[in-house]
Amino acid sequence: AQKVTQAQTEISVVEKEDVTLDCVYETRDTTYYLFWYKQPPSGELVFLIRRNSFDEQNEISGRYSWNFQKSTSSFNFTITASQVVDSAVYFCALKGGGKLIFGQGTTLQVKP
Amino acid sequence: GAGVSQSPSNKVTEKGKDVELRCDPISGHTALYWYRQSLGQGLEFLIYFQGNSAPDKSGLPSDRFSAERTGGSVSTLTIQRTQQEDSAVYLCASSLVGGQRTDTQYFGPGTRLTVL
Numbered sequence: 016a017q018k019v020t021q022a023q024t025e026i027s028v029v030e031k032e033d034v035t036l037d038c039v040y041e042t043r044d045t046t047y048y049l050f051w052y053k054q055p056p057s058g059e060l061v062f063l064i065r066r067n068s069f070d071e072q073n074e075i076s077g078r079y080s081w082n083f084q085k086s087t088s089s090f091n092f093t094i095t096a097s098q099v100v101d102s103a104v105y106f107c108a109l110k111g112g113g114k115l116i117f118g119q120g121t122t123l124q125v126k127p
Numbered sequence: 033g034a035g036v037s038q039s040p041s042n043k044v045t046e047k048g049k050d051v052e053l054r055c056d057p058i059s060g061h062t063a064l065y066w067y068r069q070s071l072g073q074g075l076e077f078l079i080y081f082q083g084n085s086a087p088d089k090s091g092l093p094s095d096r097f098s099a100e101r102t103g104g105s106v107s108t109l110t111i112q113r114t115q116q117e118d119s120a121v122y123l124c125a126s127s128l129v130g131g132q133r134t135d136t137q138y139f140g141p142g143t144r145l146t147v148l
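Chains as they are written, first to last, in our numbering: chain A, 16 to 127; chain B, 33 to 148.
Accuracy of the hints is not assured; some may be wrong.
Derived CB-CB ranges, DEER-like [claimed, not checked]:
1) 32(A) to 117(B): 36 to 44 Å
2) 85(A) to 113(B): 43 to 51 Å
3) 91(B) to 86(A): 25 to 33 Å
4) 55(A) to 37(B): 34 to 42 Å
5) 46(B) to 96(A): 34 to 42 Å
6) 62(A) to 84(B): 24 to 32 Å
7) 46(B) to 85(A): 31 to 39 Å
8) 41(B) to 24(A): 26 to 34 Å
Facing chain B, a subset of chain A residues (Cβ under 7 Å, in silico) [what the hints assert, rightly or not]:
9) 22
10) 65
11) 119
Residues of chain A placed beyond 12 Å of chain B at every Cβ, according to the derived structure [what the hints assert, rightly or not]:
12) 19
13) 21
14) 33
15) 37
16) 83
17) 94
18) 114
Derived by calculation from the structure, the hints in this document are not laboratory data. All C-beta atoms in this analysis are idealised placements derived from N, C-alpha and C, irrespective of residue type, glycine included.
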């Protein structure tokens, strides 16, 4: 079975703190794809990153970075020097066949 | 360019009525997906269309739900005899390719359905 687990339901930090959102996945596929999406209060899901299973290089984009570890089936997301605008629900997802399988989401609140 | 658009943005209906939700994918995208987001169930896949292939309907929760995609572009999700448990945000997404080949799915703003 394919499954995505985001164990952190809610995280609250103060602006400028670093924060890591955890994502653990299960799949029997040898080739698979992982995604992170952001859902701000406006409601629209915004694509952040896509990784494939054969590329374990970590990625950095500005204040965002992603740590992909096949050995632990994890694809964690770190925001450095968080800002109030980062407040949103963040979803990790696994591509299974045609569809995305989402975790339950982590609500991040960044306080000024 | 224009993103995925959905209409209406909000729909309030009475239990037992039929509703139709519309999705306009990004121009040129061959794959189209419907998902549902509700408080108790999170984000759930409903159905996806890839080109001229038969749609993957494996996520539709009951036979009251159906969807079609006309001319490889616009899609309509129909819910017949709506129930209160159908209340949710219905999200549409599209991607350049689909199936086993992966491309990124881009989402529309959603339709919030409330069944009274």
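Status of each hint after checking the structure:
| no. | hint | verdict |
| --- | --- | --- |
| 1 | 32(A) to 117(B): 36 to 44 Å | 39 Å, holds |
| 2 | 85(A) to 113(B): 43 to 51 Å | 46 Å, holds |
| 3 | 91(B) to 86(A): 25 to 33 Å | 31 Å, holds |
| 4 | 55(A) to 37(B): 34 to 42 Å | 18 Å, violated |
| 5 | 46(B) to 96(A): 34 to 42 Å | 49 Å, violated |
| 6 | 62(A) to 84(B): 24 to 32 Å | 26 Å, holds |
| 7 | 46(B) to 85(A): 31 to 39 Å | 50 Å, violated |
| 8 | 41(B) to 24(A): 26 to 34 Å | 28 Å, holds |
| 9 | 22 | 14 Å, violated |
| 10 | 65 | 5 Å, holds |
| 11 | 119 | 5 Å, holds |
| 12 | 19 | 10 Å, violated |
| 13 | 21 | 10 Å, violated |
| 14 | 33 | 26 Å, holds |
| 15 | 37 | 16 Å, holds |
| 16 | 83 | 15 Å, holds |
| 17 | 94 | 20 Å, holds |
| 18 | 114 | 4 Å, violated |
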